[in-house]
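> So the chains spell out like this:
2 protein chains.
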Amino acid sequence: MINFQTSPDRYRHWKLEISGRVATLSMDVQEDQTLAEGYKLKLNSYDLGVDIELADAIQRLRFEHPEVAAVVVTSLKPRIFCAGANIYMLGSSSHAFKVNFCKFTNETRCAIEDDSRHSGRRYLAALNGTASGGGYELAIACDEIYLVDDGNSAVSLPEVPLLGVLPGTGGLTRLVDKRKVRRDRADVFSTLAEGLKGKRAKDWRLIDGYFPTSKFDEGIKARVEQIVAAADLKAGSGIELQPLEIQSSDDSRNYKYIRVTFNRDQRYAELTVIGPEGPQPTTPDEIHELGDAFWPLQAYRELDDALLHLRVNEPEIGLVCVRTEGSLESVLEIDRTLASNRDHWLVREIILQMARVLRRLDLTAKSFFAIVEPQSCFAGNLLELLLASDRSYMLMDEQNSVAVSELNAGALPMSNGLTRLQSRFLAEPERVDEILDKKQPINTEEAEELALITFAPDDLDWEDEIRVAIEERTSLSPDALTGMEASLRLAGPETMDTKIYGRLTAWQNWIFQRPNAVGEKGALTNYGKPTKAEFDYKRT
Amino acid sequence: MINFQTSPDRYRHWKLEISGRVATLSMDVQEDQTLAEGYKLKLNSYDLGVDIELADAIQRLRFEHPEVAAVVVTSLKPRIFCAGANIYMLGSSSHAFKVNFCKFTNETRCAIEDDSRHSGRRYLAALNGTASGGGYELAIACDEIYLVDDGNSAVSLPEVPLLGVLPGTGGLTRLVDKRKVRRDRADVFSTLAEGLKGKRAKDWRLIDGYFPTSKFDEGIKARVEQIVAAADLKAGSGIELQPLEIQSSDDSRNYKYIRVTFNRDQRYAELTVIGPEGPQPTTPDEIHELGDAFWPLQAYRELDDALLHLRVNEPEIGLVCVRTEGSLESVLEIDRTLASNRDHWLVREIILQMARVLRRLDLTAKSFFAIVEPQSCFAGNLLELLLASDRSYMLMDEQNSVAVSELNAGALPMSNGLTRLQSRFLAEPERVDEILDKKQPINTEEAEELALITFAPDDLDWEDEIRVAIEERTSLSPDALTGMEASLRLAGPETMDTKIYGRLTAWQNWIFQRPNAVGEKGALTNYGKPTKAEFDYKRT
Numbered sequence: 004m005i006n007f008q009t010s011p012d013r014y015r016h017w018k019l020e021i022s023g024r025v026a027t028l029s030m031d032v033q034e035d036q037t038l039a040e041g042y043k044l045k046l047n048s049y050d051l052g053v054d055i056e057l058a059d060a061i062q063r064l065r066f067e068h069p070e071v072a073a074v075v076v077t078s079l080k081p082r083i084f085c086a087g088a089n090i091y092m093l094g095s096s097s098h099a100f101k102v103n104f105c106k107f108t109n110e111t112r113c114a115i116e117d118d119s120r121h122s123g124r125r126y127l128a129a130l131n132g133t134a135s136g137g138g139y140e141l142a143i144a145c146d147e148i149y150l151v152d153d154g155n156s157a158v159s160l161p162e163v164p165l166l167g168v169l170p171g172t173g174g175l176t177r178l179v180d181k182r183k184v185r186r187d188r189a190d191v192f193s194t195l196a197e198g199l200k201g202k203r204a205k206d207w208r209l210i211d212g213y214f215p216t217s218k219f220d221e222g223i224k225a226r227v228e229q230i231v232a233a234a235d236l237k238a239g240s241g242i243e244l245q246p247l248e249i250q251s252s253d254d255s256r257n258y259k260y261i262r263v264t265f266n267r268d269q270r271y272a273e274l275t276v277i278g279p280e281g282p283q284p285t286t287p288d289e290i291h292e293l294g295d296a297f298w299p300l301q302a303y304r305e306l307d308d309a310l311l312h313l314r315v316n317e318p319e320i321g322l323v324c325v326r327t328e329g330s331l332e333s334v335l336e337i338d339r340t341l342a343s344n345r346d347h348w349l350v351r352e353i354i355l356q357m358a359r360v361l362r363r364l365d366l367t368a369k370s371f372f373a374i375v376e377p378q379s380c381f382a383g384n385l386l387e388l389l390l391a392s393d394r395s396y397m398l399m400d401e402q403n404s405v406a407v408s409e410l411n412a413g414a415l416p417m418s419n420g421l422t423r424l425q426s427r428f429l430a431e432p433e434r435v436d437e438i439l440d441k442k443q444p445i446n447t448e449e450a451e452e453l454a455l456i457t458f459a460p461d462d463l464d465w466e467d468e469i470r471v472a473i474e475e476r477t478s479l480s481p482d483a484l485t486g487m488e489a490s491l492r493l494a495g496p497e498t499m500d501t502k503i504y505g506r507l508t509a510w511q512n513w514i515f516q517r518p519n520a521v522g523e524k525g526a527l528t529n530y531g532k533p534t535k536a537e538f539d540y541k542r543t
Numbered sequence: 004m005i006n007f008q009t010s011p012d013r014y015r016h017w018k019l020e021i022s023g024r025v026a027t028l029s030m031d032v033q034e035d036q037t038l039a040e041g042y043k044l045k046l047n048s049y050d051l052g053v054d055i056e057l058a059d060a061i062q063r064l065r066f067e068h069p070e071v072a073a074v075v076v077t078s079l080k081p082r083i084f085c086a087g088a089n090i091y092m093l094g095s096s097s098h099a100f101k102v103n104f105c106k107f108t109n110e111t112r113c114a115i116e117d118d119s120r121h122s123g124r125r126y127l128a129a130l131n132g133t134a135s136g137g138g139y140e141l142a143i144a145c146d147e148i149y150l151v152d153d154g155n156s157a158v159s160l161p162e163v164p165l166l167g168v169l170p171g172t173g174g175l176t177r178l179v180d181k182r183k184v185r186r187d188r189a190d191v192f193s194t195l196a197e198g199l200k201g202k203r204a205k206d207w208r209l210i211d212g213y214f215p216t217s218k219f220d221e222g223i224k225a226r227v228e229q230i231v232a233a234a235d236l237k238a239g240s241g242i243e244l245q246p247l248e249i250q251s252s253d254d255s256r257n258y259k260y261i262r263v264t265f266n267r268d269q270r271y272a273e274l275t276v277i278g279p280e281g282p283q284p285t286t287p288d289e290i291h292e293l294g295d296a297f298w299p300l301q302a303y304r305e306l307d308d309a310l311l312h313l314r315v316n317e318p319e320i321g322l323v324c325v326r327t328e329g330s331l332e333s334v335l336e337i338d339r340t341l342a343s344n345r346d347h348w349l350v351r352e353i354i355l356q357m358a359r360v361l362r363r364l365d366l367t368a369k370s371f372f373a374i375v376e377p378q379s380c381f382a383g384n385l386l387e388l389l390l391a392s393d394r395s396y397m398l399m400d401e402q403n404s405v406a407v408s409e410l411n412a413g414a415l416p417m418s419n420g421l422t423r424l425q426s427r428f429l430a431e432p433e434r435v436d437e438i439l440d441k442k443q444p445i446n447t448e449e450a451e452e453l454a455l456i457t458f459a460p461d462d463l464d465w466e467d468e469i470r471v472a473i474e475e476r477t478s479l480s481p482d483a484l485t486g487m488e489a490s491l492r493l494a495g496p497e498t499m500d501t502k503i504y505g506r507l508t509a510w511q512n513w514i515f516q517r518p519n520a521v522g523e524k525g526a527l528t529n530y531g532k533p534t535k536a537e538f539d540y541k542r543t
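Each protein sequence line maps, in turn, to chains A and B. Residue numbers for the first sequence follow our numbering, so the first one is 4 and each next one is one higher. Residue numbers for the second sequence follow our numbering, so the first one is 4 and each next one is one higher.
For the record, the hints were derived by calculation from the structure and aren't laboratory data. Careful: at least some of the hints might be erroneous.
[Unchecked claim] Okay, derived cross-link-like pairs now, DSSO-like style, lysine-lysine, Cα gap no bigger than 27 Å in a straight line: (1) B:524 - A:541; (2) B:541 - A:524; (3) B:524 - A:524; (4) A:441 - B:183; (5) A:181 - A:205; (6) A:183 - B:441.
[To be verified] Not the full set, but computed from the structure, chain B residues with beta-carbon under 10 Å of chain A: (7) 479; (8) 516; (9) 543.
We put the beta carbon where it would ideally sit given N, CA and C, even for glycine.
Start from the sequences, fold in the hints, and give me the full structure.
Okay, here's the thing in structure tokens:
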């Protein structure tokens, strides 16, 4: 079982150092500390375990070290920044694992950009040596890239020429869409195993600058000082993110605010979010004092862990029935507090974290059905769970209600840049404001009229309808459902993120199955072996 | 070998009838007239041969019947409009063929929308019976959909529940992006094998209206009359599209203006476009008189056929070296004539056809290298071939030039809605106008300064550099190249078209390889057999 929880004192592959307003995140991968058998993490290559630490570090920077204005991402290994995802790990992994590994690393890279975009921290890739493949993909997730000019160190994307796969963790997309490298140059660069160095790499927009070895540290330092001097970060002292407490059994995984139960025979899980209870903080100071125990932070951290667990450790679970338990009003109260204090750094970070977790759900390759019964609390931020679900079932009952809050109006955007209400009502955009104007709880009848829910069976049909829907869903081809959900969930505009998760990922997944990559004579299989890859040259 | 040329007198599966300003395109698939052995085209299901006729009919409508304002797409079979792509054909096809088949049908559906958008003709799907799968995907490519309300006929996308694949010919994308069906309803509809009928189909935005059987013809007729009455089509009499003359041998395929030679051992082809020669028409009347022999129409029709031939009949050819021969000035003269007469219906149609062929090139899964030598004519519309190529090589020679024309400024857009110059210069948008302002031919040195070309080797290096580039390219994994090119060619904004060709197609291609679809126990393999599909339920 893969554990997504860690903390800096347990990192094996990264060092996180804070000095004033500068954080240095140094990669120093321990080659024997792998998540699975059969490969060594040489040359700062990584497996999922390395990326779990990176994701944790970025998250902690935001909550624990809000004073940090510049993050230097570098390596402690001589002459190598990072060699990318470990090839032998990829070669020996199942298709499903490879795909989930790439999705998580993609989310981590998007989290860097999310931090940079919303929290004002700037990420510098200080490439003290070669950054190849996923190593360069990590670099281009940063705001700026500086490469040592030692006559040897290069940036490269050798996936196509050496491995017969894509730079699929955002690489190709960020090359042309973020760094806006000319497409013919992107073509040349992406087929050039040895990559490009110094001046040419800069001319081609692959890096932002280069320094000779003797001036590298100094050059980075000077740039970092500029960033810090220009930074406009208003943040107080951080809060600590404690480890989540999790009770696991064969058929359940329970947190304080999240309960997951597994119906393995039927290949579905019930995921219940427990709403906030009792008095809640209402001012930034009270929130800061409560820290990571504040309901929205704790509940969404737990939800995040539950989603990752479902993805990676529960591949046979195809459907998640999402429920909530609690008081609508308590959730709305939380949302009011968050909305009215969103200029405070901690509140902003909490909201941004909620948004990321909801996007993680949007991108999870499982079906989600929201089940709404009396005593549930699909209000405000938790209404997003219903809107993120592929369908919703709401018992026709006068006591059964959902509710909207200000957070449904833009604070929790999807990867396509729209709110979930906007995505839902592309055909009737006027609905969005109509719904946002509802100040009172919305009962089933009204929810149906407002087109907020999919089905509203009455008491007589309720259990049968849910049972049949679950049975039908879990009987379908899991692959067809993955492709269908990925297509239907993100209608409307596309962003760099949706291009990465949609177009690029889908192509990579395709290639990850092709005999030319993973067959006996495929390039990925043959990497590092004395045998040579052999291709079926038919173009598809 | 699959032949993409046909004409109405040779149609086996469609009838094209013109009556005044109304065309009726009726599907009546002959089940034994298949392109390959081993399946029958029952219930108006289709294979590539059926779609080649449809593509031809749409093309001919535009050139031969410009007076037509409304196109009714219907079926001559009782109770069935179209059952979609033939499952047994899909089940027995190679992966590469399936992918190319879907790409062509996608292009045909986009061609319907292109006609509707630019030429003002409206397409009505008159569903006199059930439209399922690709049948409904054809319907949603039309502007309006009317279904007979006979208690039985439905629209449906049964791919996911019955076949374990996607409605991958635009279906899922058009559902949420074009018809703006709510995503939860799209989810329900796409998992409901039997589909939806009448009122519910209309309420869910799947169709635009329905009529009882006895009123169906009358209802369609009334709507058609409204369209014709409102039409603002200014078109004279059509021109005839004669069959292309093609000389084929083992190692060549030659047209009047296109020469293709195959270097099979090295898996690449040379494709040369011959520019216009001699005096050319300059007025709409002269163009009309010359008809399909007018250079831009004939050359691009030939190019289109050559591209389709390369895709489907030459799968092992991985690289196309694009050359031109002729006079820059003659091409520019053509472009001036086209640009200054673009309000004339025929000139507009010719330009739109050129744009479609260039998009066909953008979407072709082969590498393209443009090779620019003296005596070539990469000017204006033919400069688009260079800009569409993955790379360009231009001999450093004072006599070697390319040139721009007004057609490079927006008349020939890519699927992403940008011009190829705009797509090239996302990082330096000011370059676009700088280049468009060049009224004189641009020699190699200047082309390099303007960032118009990729490489400019001198005479000494020229042959070696091209040879090595070809060898390197054709040695790479064809699958990785396909995914890479699909990612790099379409940077910048996304449109419904790019979503269909990128996201949806990539997912479908992935699924088309999965054992859950095409394995021994896969759903596609088992369709219609007494055995039942068995799935590996791991979610990926």
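> Hold the hint about residue 543 of chain B up to the distance rule: shortest CB distance to chain A must be less than 10 Å.
holds (4 Å)
> Would the hint linking residue 441 of chain A and residue 183 of chain B be met if the CA-CA limit is 27 Å?
holds (24 Å)
> Please work out if residue 541 of chain B and residue 524 of chain A have their alpha carbons no farther apart than 27 Å.
holds (26 Å)
> Using 10 Å as the Cβ threshold, decide whether residue 479 of chain B counts as touching chain A.
Result: holds, 6 Å to nearest chain A Cβ.
> Does residue 516 of chain B pass the interface hint, meaning its C-beta sits closer than 10 Å to a C-beta of chain A?
Residue 516 of chain B check passes; min Cβ-Cβ to chain A is 5 Å, inside 10 Å.
> Tell me if the straight-line CA distance from residue 524 of chain B to residue 541 of chain A falls inside 27 Å.
holds (26 Å)
> Does the structure keep residue 181 of chain A and residue 205 of chain A at a Cα separation of 27 Å or less?
holds (15 Å)
> Residue 183 of chain A and residue 441 of chain B: Cα distance at most 27 Å?
Status holds; Cα separation ~24 Å.
> Does residue 524 of chain A lie within 27 Å of residue 524 of chain B when you go C-alpha to C-alpha?
It holds: about 25 Å lies between the C-alpha atoms, which stays within 27 Å.
When each numbered hint is compared with the structure, no violation occurs for any of them.
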